[in-house]
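Asker: Quick note, the sequences are listed as chains R and E, same order. Taking this note's numbering, the leading residue of the first sequence gets 294, the next gets one more, and so forth. Taking this note's numbering, the leading residue of the second sequence gets 379, the next gets one more, and so forth.
Source of the hints: derived by calculation from the structure; they are not laboratory data. Note that the structure is a prediction, hence the values are computed from the model and not measured. Take the hints with a grain of salt, since some may be wrong.
Only pairs whose alpha carbons sit at most 25 Å apart, straight line, appear in this in silico DSS-like list of lysine-lysine [as the list claims (entries may be wrong)]: (1) R:Lys362 / E:Lys494; (2) R:Lys422 / E:Lys494; (3) E:Lys494 / R:Lys382; (4) R:Lys440 / R:Lys411.
Computed footprint of chain R on chain E, listed as stretches where at least three residues anywhere in the stretch have a Cβ under 8 Å from a Cβ of chain R [stated by the list, open to error]: (5) 410–416; (6) 448–459.
Heads up, incomplete: computed chain E residues facing chain R, CB under 7 Å, no partners named [said to hold, decoys possible]: (7) Val422; (8) Asp424; (9) Pro426; (10) Gly427; (11) Tyr462; (12) Asp488; (13) Gly489; (14) Val490.
Ideal Cβ positions, reconstructed from N, Cα and C, are used throughout, including at glycine.
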Amino acid sequence: MARWEIYRDPWVGEFSRLQKSMSNLLSELGEGSTPSSEFLFRKSRLFPPINVQKQQDNYNISAEIPGVKSDEIELTVHGDTLTIKGERKPDPRDEGASYHRRERSHGAFQRCISLPEKVDSENIGATYKNGVLTITLPLDKIAGPRKISVATE
Amino acid sequence: MADQEIQVVEKKELSPEGGELTRNGVYFTPAVDIFETTQELTVVVDLPGINPEDVEVDLRDSVLTIIGETQPTVSEGQELLTEYRTGGYYRTFRVNDLIDDSKIAASMTDGVLTLKLPKSEKATPRKIPVSVE
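Extracted from the complex, chain R is given alone in its bound form:
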């Protein structure tokens, strides 16, 4: 009488295969291994990613935008919206060059950031060094709490 070998059961094999490919998918989510997997799970984030820091007297916004000239970055403030706009141009290369890797993205970018109202928008400063744009927004000192003296009548 032939023994039914459990591990040859087609259902068991199928489930374990499914489980393995699910765990592969989940581990890929965690590590973000290949650029192709990022296409599926990319959040719709805006370029450039920014870090915002609040210091004693100002806000600091920094963004990594390597490879643009500082006069090619357009920074405008309109009301309470700060807009960072520019374009990363593709590398100059000769005709007939063949690419082995193409990982750096290029193209136009525009990002609008709404500023907290307490910012002194007249005195916003920005510097661009080593590909990092740093925007300093001084806090509006006048908007601090104001003492109102009570007069006696």
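Model the placement of chain E on the given structure of chain R, informed by the hints.
Answerer: Just chain E, lined up with the frame of chain R:
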């Protein structure tokens, strides 16, 4: 104007598969463009936030190593939003021996390192003229 939008690619932290780095700190894998002409190989690396004097480029035993060291930043103030992480950069490539080791040029502006690796004599195709008799 460009007709395409730039894409955000999340930074990939170096995974210690090929052996751990003995250095301290966080290292990321920088994005590169590599293209080749008949004369040379060009490697363009995005290294934002790294000073040019803190970049090491090394080519030995057919392995090209690019390391960008970052100064540890003291963060003053309160972090309200952190969409990207900062750290050093590390990447290696196998380069075959068509490259002339002694003639590599490296330059860096605005956080972008450009390496030009000229191909050695035996690699550049030479046209042999055929004379008609």
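Asker: Next step is simple, just say for each hint if it's right about the structure.
Answerer: We went through each hint and held it up to the structure:
Proximity of Lys362 of chain R to Lys494 of chain E is assessed by CA-CA distance (about 21 Å); at most 25 Å being required, the pair is judged to hold. The straight-line distance between the Cα atoms of Lys422 of chain R and Lys494 of chain E is roughly 23 Å, inside the 25 Å bound, and the hint therefore holds. Proximity of Lys494 of chain E to Lys382 of chain R is assessed by CA-CA distance (about 19 Å); at most 25 Å being required, the pair is judged to hold. Distance hint between Lys440 of chain R and Lys411 of chain R is fulfilled; the C-alpha atoms sit about 18 Å from each other, no more than 25 Å.
With 7 residues bearing a CB less than 8 Å from a CB of chain R, the segment 410–416 of chain E meets the requirement of three and the coverage assertion stands. Against chain R, the segment 448–459 of chain E contributes 7 residues with a C-beta closer than 8 Å to a partner C-beta. That satisfies the three-residue criterion, and the hint holds. Restraint check, Val422 of chain E versus chain R: the minimum CB separation of about 6 Å is within 7 Å; hint holds. Hint status for Asp424 of chain E: holds, given a least beta-carbon distance of 5 Å to chain R, under 7 Å.
For Pro426 of chain E, the shortest C-beta to C-beta distance to chain R is roughly 4 Å, which falls under 7 Å, so the interface hint holds. With 7 Å as the threshold, the beta carbon of Gly427 of chain E comes within range of chain R, its nearest partner Cβ sitting at about 5 Å, so the hint holds. For Tyr462 of chain E, the suggested interface contact is upheld, since its CB lies about 4 Å from the closest CB of chain R, less than 7 Å. The beta carbon of Asp488 of chain E is positioned within 7 Å of a beta carbon in chain R (closest approach about 5 Å), and the interface hint is therefore held.
Taking 7 Å as the C-beta cut-off, the interface hint given for Gly489 of chain E holds, the closest approach to chain R being about 2 Å. This hint holds: Val490 of chain E has a C-beta 4 Å from the nearest C-beta of chain R, less than the 7 Å allowed.
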